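Can you join these two chains into the complex? Each is in its own frame, and there are hints to help.
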Amino acid sequence: MKKTQKFIFFLIILSSFFWSCNQKKIDYNTQVKPIFNKNCISCHGGVKKQGGYSLLFEEEAFGKGKSGKTGIVPGNAEASELYQRIITEDSDDRMPHEKAPLTNEEISTIKDWINQGAKWDLHWAYKPVAKVSVPEENNDWIKNDIDRFILKNASEKGLKVSGQAISEDLARRSALDIIGFPTDNVFKQEFLKNSRDQNYEKYIDELLKSNTYGEKWAGMWLDLARYADTKGYERDGGRNIWRYRDWLIKAFNKDMPYDQFLTQQLAGDLLPNAGEDQFIATAFHRNTMTNDEGGTDNEEFRTAAVIDRVNTTWQTLMSTSFSCVQCHSHPYDPISHSEYYKFFAFFNNTRDEDTYDDYPLWRHYNDAQKTDIQHLGKWLKTKVSESQKNEIIGFIKTLQPAHNSLKCDKFINAELNDTKWLAMRNNAIARLKNVNLTGKKSLIMQLGVFVGGGDWRVNIDNPKGKTIASISSEELKTTPGWAIKEIKISPVNGIHDLYFTYKNSGLKDPNQTGIQFDWFYFNDGFPATTDSKTYKNKYFQLIKAKVETTPVMVENIPDLRRKTNVFVKGNWLYPAEEVNPGTPKYIGKWPKNAPNNRLGLAMWMTSKDHPLVARTMVNRVWEQLFGFGLVETMEDMGSQGATPFNQPLLDYLSYKFMYDYNWSVKKLIKEIVMSATYRQDSRATKEQLEKDPQNKYLARGARVRLSAEQIRDQALAVCGVLNREMYGPPLMPFQPEGIWNSPWNGDYWKRSEGNQQYRRAIYTFWKRTSPYPSMITFDAMGREVCTSRRIRTNTPLQALVTLNDSVYVDLAAKLSEKALKISSGKIIESIPVSYQLATGRVINAQNLSVLKSFYAKALSDFRRKKPADFPHGSKTPESAALILVNNVILNLDEVITKS
Amino acid sequence: MEKIFNEAYLRKLAADTRRNFLKQSFLSLGSLALGSLISCERKVSNSPGVDLSNPLAPQMPHFAPKAKSVIYLHMAGAPSQLELFDYKPELDKLDGQDCPQSFLEGKKFAFIRGVPKMLASQAKFRQFGETGTYLSNYLPHLTNVVDELSFLKAVTTDQFNHAPAQLLMQTGSARLGRPSMGSWVTYGLGSENNNLPAFVVLTSGGNNPDAGKSIWGSGFLPSVYQGVQCRSEGDPVLFIQDPKGVSRDLRKASIDAINKINLEEYKTYQDPEILSRISQYELAYRMQISVPEVMDINSEPAYIHELYGTEPGKTSLANNILLARKLVENGVRFVQIYDWGWDSHGTDADLAIDIGLKTKCKNMDRPVTALIMDLKQRGMLDDVLVVWGGEFGRTPMAENREGKPNAFKGRDHHSEAFTMFMAGGGVAKGVTHGETDEIGYSSIAGKVNAHDIQATILHQLGMNHENLTYEFQGRQFRLTDTEGKIIKEILG
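Residue numbers (this note's numbering), protein chains in the order written: chain A, -17 to 881; chain B, 15 to 506.
Extracted from the complex, chain B is given alone in its bound form (with noise of 0.2 Å):
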């Protein structure tokens, strides 16, 4: 009888502890290969849902996915809706008018005091493709693949500064210390792959994006779900170069040397940990490997760098797209792309939407058309969601910064309209949901969040945005907050 208790206790147990799972099958297996023993054991911990063993094991998502990887492409600083996607011939007739006091009753914003002027779109508008959608000529490429996007034209925030709004954008709230998207899902879905991180970030525009790091952080979950920084200079990965005069080979040699005796050290000590830390060792190794290839980009033909316009050395959005596909390919399941310099103030130039904001355009224009065709042509598109958007839009009036007006033309920061694309990973094709008023003040059907599309991007990807959760300070947290819903009309 106590066998039979015992036995029953010992499988729970085993079912339980990737502890006691990796122990038995050592024993099984002796020495070999210990990398390959991950795999899809239940988790436990003395955190809740993570094996701290092995924490980016594959997970089963709550449903079949339609997505298998995301690139999330966030234009940092917020590009201009009016100049780009959102098309209103009534504002261009309003030009240089004072704004209606209607628009500043109650209404806070970050620069403009007093009255502004309105300021007609800089872009001139045209319907494209099969579905007559509207862009502006400051996006030439994006023209020949407009019917594969689907486009939100009423996403609203309730953040008017940049890091709180993309912090909200990206982990759900506007405060510090949430887990980023990208960490929600390797936490949720683990990763397909071995050789590379499951969640990579890859800034460009001379800048981090106004929050810092902490919008691809981990929050509160474990360190090992924060966004790993790929980059186009230095390291791809900080560390992953061997130090001067050590080959390949010579790695080998010592990540062996340093496994045999932690082996030893296992065999003295029982700690399940020393195993883990082992392929932990051999996985390094591996990554080492796969990561310079995969971030080398210079290997690509010539017409995919012609497709991309792409510069090999360079730090630029462009390198940093066909990355992105590299990456997707690879079986990496979160790509965070920031491209900083979107904050078309008109303070200087550079900030002027009828001079840098065209410059942005050019640069993002022909490498994200580029995607989409690239991913298209590999048969990709349907697993790989792509999105496109800012932290929040920008103001149908002119900025007068401190109440007088700014050197070149510019637009404050607006909370109530811009925005944003997808497509591919299992979105509709040519679907536009959501509009704002006449002028592209404010939007008036179809308004969408933050929370409604991380619960839409979480959804293509198989899960319950509801059910996504970690327990913190006795709450269960989710991405969503308590908010959330599914655009189901952008849905294919």
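The shape of chain A in the complex, shown without the other chains (with noise of 0.2 Å):
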């Protein structure tokens, strides 16, 4: 075509985009709520509802205003208020208000659809996933359908894709994705000697069985699950949570289906014989924030939790930006200030209340202690209900359901000590509210003595009632710390106050506490029959016994349900109406027979109807291999969250991971690691960097710097000192003195001992006010909240890590080391050795040359200098001089990023 004919040819298609709008149809979607969401939502949506009226919902928009006309009328756009409004020429009515009219295309637009129709529709992200059609596109290239997305969308862009990496660098990268470093094995040598298909499928198969597999996607998981062994806060004391961390890599390395790892992490306890693993795995909403500080308010901080709760499932597990609703419907997307509540209802019922010990608890017995357990089961099976079995055996595991001290008010002489326990002075008075006594005849506590003697009473109803229960002065002996400790209580049938009564005239000073109380559990009593004593005996021993234990969920008995009330603008001083436990009217649909609690909600995320759960993990695991989601905001799929790149991919995929996959990650993954997209060189043409600088549609590999984690595991692994011991407590390698000060806590950073601290970076102790320094540098996250998704940066800090932090010194001497080994002790010949174990790739002339120059100067360097002033304990210049090229090496490009 000739340039004249080209532009009229240009002109005409230009023109008829125009003229055309008319005649196409509108999508609400992708057309019309783009403009309501810029323009309009923001004073009629869910934060306001000016003039009455709101774009939010279906029902409200196509309703009437204050003004009694209505908003929109379908198919009659000059009979709808909203377009009237848009158009008028009276500035006082016209909308926006005081702001830009819109544009002449928006107006249309808005006119068109009206006229249409005005078929209003959900957000994609809303709708159900439904089997998506693969499109028609068939190559060489193509591995698998999912290419044929890709290829259909680069080829739209007009994007050429990439061939395969070479094979260096494609088994780096997919050990880096799947295990987290990068690894060495038959089946990769294999693969680098011949490049097959079978070969590739080989050495993927090998490194998603490798139990390190689990490693690296649990350390994904920790941001979601704000996973830290400390409690956060001011004092931010520790906590023992890790064996929640060993849950999550044993789930991933067991490849536990999708569906029942949520359901484990959101009602494990609620499942029909729900065991130590199911109770473990909802440490998931247990690794909230516990606030330590004196003055404190408990009930405002675990108010606080039940909102991080609600906030995390949404965000993590649904892709939904959910804390906004907290104190006003969405401004954007079809959720109602009520339904945030609703939700909160599901979390508002168990057990923890804040306290100091992060109560309530699994107690973790040992196989001897686990014996006796089932042996008191079987006998309390012959002797008592099933329900009254239950209870016995449930509080051995948890102590619970127990009444936490820091619950009582009505102090006179008494105090909450701390604002945790319940203190007590001479002639001291604190009441416990709401107790329900029917049937009870026990009283178990865990209490304190300070000083002896005195004369400690249950009253009912007030400070003068009716005394049920007591301990005489002989009874109240000093004790060391902490003691569990039973009396009987009188029969008395329903609900009362208590008034806890203490009188000591041992204590002089009348400011000096006698007595405390951690907590009181009411209970039926230990069955009384002949043969019962050993038993009652081996029951106390076990609740007495001391054990680890582990924050876990527990929900509320009835006599201790909380009610929930929408508060008012997001504050918990301001209750507004009682709601009941309920899910978004517009997402998903309750299962049917599903009770109405956590675990109901669990099936109601988990059943295939949920439009955002499967999308959710299928993006999530897109952006730990790609380096961006299908959705980049992670956080949000909303319709404020960005466009997907390629929707109809997430969908397949997502259709695929439910119903092919029966939500298995690892087929999952191997699907997606299997493509050619994945596996294609990502050196860039000048023409995709011009086109897609981002690299957001892959016609090329995926270029990423790598994780925090990656960086620190990769270099253990590749220097040769990686310790593969895995679970445990928490571990402290090398720190840098003075990192740790936090007020009011002793804690302190106690370095690992030997071959400890070359342990993967996901054990390493994680303090939430003071994270490890290297890994937040490196974009690692303080895990006060969940985090969606790790922004990464490109900081100088960064690269004093890398070159001065004395743990990558000690790695670059291992790597000299372990290079020399295979050089024989060659220097000049390790060098070539160290790179290729860094980089996987075998080094070329230039970059030789430019490492052998660097070695030379260095050599120089340090033979006029003293062997003392030799880095990291060198004896000879030689060894000095190479410890710093493998410190080059280190700190190169190609090992930090993975290519």
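Just to be clear, a hint being listed does not mean it is correct.
Claimed, not checked - With a Cα cut of at most 25 Å, we get these calculated DSS-like pairs of lysine-lysine: (1) B:390 to B:340; (2) B:131 to B:418; (3) B:281 to A:834; (4) B:418 to A:389; (5) B:121 to A:389; (6) B:122 to A:392; (7) B:266 to A:839; (8) A:839 to B:274; (9) B:131 to A:490; (10) A:668 to B:281; (11) A:551 to B:499; (12) B:281 to A:142; (13) A:673 to B:281; (14) B:122 to A:402; (15) A:392 to B:418; (16) A:389 to A:526; (17) B:461 to A:551; (18) A:30 to A:81; (19) A:15 to A:30; (20) A:857 to B:266; (21) A:402 to B:418; (22) B:274 to A:834; (23) B:266 to A:834; (24) B:274 to A:668; (25) B:258 to A:847; (26) A:363 to A:423; (27) B:502 to B:80.
These are computed hints drawn from the structure, not numbers from a lab. In this text the structure is predicted, and so the values were computed from the model without any measurement.
So this is what it looks like as structure tokens:
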């Protein structure tokens, strides 16, 4: 075509585009909703409802405002107030109010949409995942269906896809992605020798089978779970919750189907026959923070923890920004303010109350104790009802359901010590409200007696009411710390306020505390039969045993149930109407027969009708492999989230994830890494850089800086010191002095010994207010709250870590030793070996000459120095210089990036 | 025709993307001085408004700024306004009497229980300067610069525990997870300085502030905007020192080697991120020289040490304040100082308002005064905004923890009134804004809160607090949340 002809052709296309709008069907989601979101919804949406009119929900948009006029009349733009108000010349009435008018295109889009019938539509991400037909693309490049979607998208953008990466890069890339560090095995060697598909597949299968796979993917999950080894807030004391981290590793390794994986974490405690593992899984939502600062309101921080559970559940498992609904209806998406609190109600009835010890805790008994529990259970079965048996065994396992003493009030000569425990002085009174005493025969409690003697009583209804239980002077002996004690209760029916009274003439100082309480457990009493004595002793031995614990979810018994109210503007001090547990109307379907509790909630989330759960996980796996998700805003797939780069592909994989893979994460990962898309070369052509600078359409391989964890693990692995020991309490590798300085907290960083400090990053102690510095520098987060995605930055402080942190200097020395061994002690020959170990590639002549001349320079420098001045205890100038060469290698872009 | 469209498209890309920019510059400039390529490109990235390849590039403020940098002195633990600034003779008369019920009804305190006694100020007040401002005998030095200061006497908060109150003051929210003020400022303005961090944190008093490092964290902003803690012991910045035996010359050679190989890598992969890495390594090298230089107060002349009361080699508030002056002098945008130990409950002598508080004041009074004088004599006071304050105030009543009198004289946390001051950076001199009632319990006029103070600081830096936003979780967040009024009364 000649130029002029081309131009005319272009004009025709252009004009026909504008004029054809009248005929074209307007799509609400892609054409109308963006106009509403941009121009209207901040005043007519979930936050404000100016003029009584909102565009958030269909029924509101088609309804009347305060003026009595109907906003949208389907099929008749002229009769629609919304249309009239955007075209009027009267500046007082014209919308958007006091802002620039809509453009002509925007106005005509809205007009046409209304005239075409104003078909309202849910945002794509709120519609169930449907089966997607695969594009009919075909060529030699394609390895599986993923590639057809990518190819179609790329061709539409005029992009040419890339061939397979060199095998060295691909082997390194997939190992980093699947297990978190480069590895060597016979399958890799086979693949490097011959890159045919079967060899690649065998190598991938081997990676997926490796136990290190679970560590890599659990590491990702810890950000979502806001996992940390401390409680957070001011004192930020330690928390024993690492068994949850180990549970994750095991769950990923055995490829637990994702629906079960979520169910156990959200509601494992409510599953039939829930055991230790199911309870540990629920620690997912016990990673919320606990505030130990004296003077803080425990109910405030209990509420904060519940709010965090709600927001985390939505943001990380359903890619929906829910926290804004805490204060008002969702500004853009169809979720109402009261729906937030209905959802909140699911999480509002667990036993945790911001106690110092993080109650409720699962008690980890040893095997002998577990056998004792079994025997006790068998015996109980013959003596009491099933539910009584379960209560007794349940109490052994969690010491629940107990009343925490921090719920006491109406103090006289008593107080909550450090706002945590009921402390009583001489002539003290304190109240515990609303205790159901029907059938209760025994009170088991945890207490500490500081000054022996005196008289402690439980009176009902008022401080001078009937005494139903007491401890005499002789029984009140000083305890070395907390002690568990049982006393009898005289039978009373009904719910009563209890008044604890305490007198002790031994307390001469009126300000001295004589006795302190942690919790009270009102129970039916251990069955009293002729043969019960040994069993009762066993029972008390077990509940008094010092055992390790993990914070878990335990649901309130009916007596302890809390009501849930809507909080006005999200403020817990201003409760409004009461609500029952429920899920948002427009999202998913509540499954038939699902119980109205967290277990039902998990069933709702993992039902195949749920539009967000599978999409969120597929998007997350994609992000882990390619550096960004198919929807870039991992935290929000709602109408304000980023537009998907390839929504059909997201839906295709989400559908397969549920229906074909039965929620197998390993199958999903394998499908993706087997695609030609994943295997592409990451070298960019000029054309690709121009058309798709950020590589969103994936016409070339991803090239992404490694995560903080990958950088550490890779360095340990390639230097040959990685300690592959799995599981257990968190570790403290080298960290400079003076990093931990928390007030009111004597904890200190005690460097782990021997090769314990060479274990993977996932085992490093995570202190919320002071995380491991080198990992933070590489964009790891404090984990005070959940993080849906880490934003990768590029800063000089990162260079300082890998150049100077003694961890990395030590590793450079280890790398040089390893390479020297391989090169039989020949120094110059060891340089290409180090390079290959670190990058997975054979060094080229140019780079080798750079390293060699740097070695020469370093050597002459060290030859002029005394051995006392050599780095890392080197004995000779040669080894000192070689350490620096290896330090250079560990800092190369190709080492801290996957190509 | 196609060509025109293509060109226009490319031009737009070049304007939009640093990636493209760098590539073009690189091709035209060869391999020379990549570090110096960092300049004021437009931002583009996968996160709103941030160029992740050069996130600290200088940015235009919203309007002409009054201040270029900020030194924020936060006395962690909350100093007693009644012993320092807020002169209340009526309170002295009530000393030892039961607190009237009207002050207690419906109120919550951290530790006071039942009916506490009123507690007279332990300090003696006198008027100073041309403004006749009352100051206490706990602050003998500050009297010399009192006319340079602007006082906010009716600061209020809604938090009465340290960690949440500090977070509110420094991040605009009492909950963890929001970016700190220094992070917002560096996100908004970038750095004028390539060799030093943009946002520096200095701590003294033996502990980090109660809210921990989150208080200078970047929250949901990229982590590059978090405060860099500079330390007076060990490495001034973590990992800034070369490994043992590595000379500067050798470090230079090693960075050259890294960058040469990275350049090869760039030629192969064409990934602009590699170019950023090259410049970040050059920057790291320069930081290694300039940070220890700036952090070394030994080189200061004797009269300066005399003025500040500094003792090189120790961790002290005085040393940190002198460092702060050096840092802003060298182009650091925001220096945040935390001094721990102001929590005068009266539970022990160190925390008594008539014992420990005097010592804290002694260690603070001289260097803070020195800072004002020093900035002034260097002609820097107009450009540097100095802010002094705590996270809340203290009660006019004596603390009676768990309902019994404390061992020493002390005051509980108090959210309804406390004093802060600002100086320099375009703030009016000698103004007192806000007033409390006769006993210093409630603010009765000119009330301001954390968001107002934040809005004012941003305003002095040339930013509209309502427009400095970042999109997160589907919402535009800002430092001042949904509030914040500029305190015009104290602006020059």
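Hints, verified against the model:
1. B:390 to B:340: With a Cα-Cα distance of about 14 Å, the restraint between residue 390 (chain B) and residue 340 (chain B) holds, given a limit of 25 Å.
2. B:131 to B:418: 11 Å, holds
3. B:281 to A:834: 21 Å, holds
4. B:418 to A:389: 21 Å, holds
5. B:121 to A:389: Distance ~19 Å between residue 121 (chain B) and residue 389 (chain A) Cα, so the pair holds.
6. B:122 to A:392: 15 Å, holds
7. B:266 to A:839: Satisfied, since the Cα-Cα distance of roughly 11 Å is no more than 25 Å.
8. A:839 to B:274: 15 Å, holds
9. B:131 to A:490: This hinted pair holds, its Cα atoms lying about 23 Å apart.
10. A:668 to B:281: Since the Cα atoms of residue 668 (chain A) and residue 281 (chain B) sit roughly 12 Å apart, the hinted pair holds (cutoff 25 Å).
11. A:551 to B:499: Measuring from Cα to Cα gives roughly 21 Å; hence the hint holds.
12. B:281 to A:142: Status holds; Cα separation ~20 Å.
13. A:673 to B:281: 19 Å, holds
14. B:122 to A:402: 16 Å, holds
15. A:392 to B:418: 16 Å, holds
16. A:389 to A:526: Given pair residue 389 (chain A), residue 526 (chain A) holds - Cα atoms ~23 Å apart, limit 25 Å.
17. B:461 to A:551: It holds: about 23 Å lies between the C-alpha atoms, which stays within 25 Å.
18. A:30 to A:81: It holds: about 17 Å lies between the C-alpha atoms, which stays within 25 Å.
19. A:15 to A:30: It holds: about 17 Å lies between the C-alpha atoms, which stays within 25 Å.
20. A:857 to B:266: Status holds; Cα separation ~23 Å.
21. A:402 to B:418: 17 Å, holds
22. B:274 to A:834: Roughly 13 Å separates the two Cα atoms, so the pair holds.
23. B:266 to A:834: 16 Å, holds
24. B:274 to A:668: Distance ~22 Å between residue 274 (chain B) and residue 668 (chain A) Cα, so the pair holds.
25. B:258 to A:847: 12 Å, holds
26. A:363 to A:423: 20 Å, holds
27. B:502 to B:80: It holds: about 13 Å lies between the C-alpha atoms, which stays within 25 Å.
Of the numbered hints stated above, none is contradicted by the structure.
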